[in-house]
Amino acid sequence: GDSVTQMEGPVTLSEEAFLTINCTYTATGYPSLFWYVQYPGEGLQLLLKATKADDKGSNKGFEATYRKETTSFHLEKGSVQVSDSAVYFCALSIRSGGSYIPTFGRGTSLIVHP
Amino acid sequence: DSGVTQTPKHLITATGQRVTLRCSPRSGDLSVYWYQQSLDQGLQFLIQYYNGEERAKGNILERFSAQQFPDLHSELNLSSLELGDSALYFCASSVKVMNTEAFFGQGTRLTVV
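Note that the protein sequences, when read in sequence, are chains Z and R.
Mapping the first sequence onto the numbering used here, position 22 (from 1) lands on 91, and the numbers just tick up by one.
Mapping the second sequence onto the numbering used here, position 20 (from 1) lands on 26, and the numbers just tick up by one.
The hints are simulated quantities; they were obtained by calculation from the structure and are not laboratory data.
The C-beta atom is built at its ideal place from N, Cα and C for all residues, glycine as well.
Listed next, with one range per pair, are the computed distances between beta-carbon atoms:
#1 Z/GLU85 x R/GLN23: 47 to 57 Å
#2 R/HIS79 x Z/GLY166: 18 to 28 Å
#3 Z/GLU77 x R/ARG69: 25 to 35 Å
#4 R/PRO14 x Z/GLY166: 23 to 33 Å
#5 Z/TYR108 x R/THR13: 19 to 29 Å
#6 R/THR106 x Z/ILE180: 25 to 35 Å
#7 Z/SER152 x R/SER71: 35 to 45 Å
#8 R/ASP77 x Z/GLY70: 26 to 36 Å
#9 R/GLU59 x Z/SER152: 37 to 47 Å
#10 Z/ALA122 x R/GLY48: 25 to 35 Å
#11 R/GLN23 x Z/LYS137: 47 to 57 Å
Not the full set, but computed from the structure, chain Z residues with beta-carbon under 7 Å of chain R:
#12 PHE103
#13 LEU113
#14 PRO171
Straight-line distance between alpha carbons at most 25 Å, and here's what the computed BS3-like set of lysine-lysine pairs gives:
#15 R/LYS102 x Z/LYS125
#16 R/LYS102 x Z/LYS121
#17 Z/LYS137 x Z/LYS121
One chain only, chain Z, in its complex shape (with noise of 0.2 Å):
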């Protein structure tokens, strides 16, 4: 069925590191594509998304290319902050009779020190 596969954590980097986070996905069709982070204590909250092939989503210096041919969207920062320290999920919407449900990897703590 379709699915997320993301890499392990917790990734360590220091402040201004270059950063990836890998995600691949497994899908039937063609679906939306998302990366949530979750700061502690919080809820998820969307950080980015691409809806089709080739649509790269970009937001707070973070992005992340929708590459059919790869069927990956790997999360890219180029200087990371400690601020950046939070726990990332990869995501896609499966379609479940008629409706979809947003299904996420099992997240990627990052941990940035100064």
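Following the hints, complete the assembly by docking chain R onto the known chain Z.
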């Protein structure tokens, strides 16, 4: 602030008891989803309602049930609680049931002792 409100924020209860978690979706959102987040299982989809009707079911136990009321708020009822039900329970809402993003509440942390 996502606009999704969940109450209570924390709940501690004993095994065998029953609790009700409440969710108010964003203004205008008709679709409500419930998720369970635990360390070993990640974020698991439980159930979805749209405009008062159940639309999809995930890995929801028979001891759990939910409903969405005419004012669109939703409640998740958990009964015969077990230690393993301790988790964060999130509600999320979206405008429609199609291929779109969801907006999450801050969650209810349930501890069963």
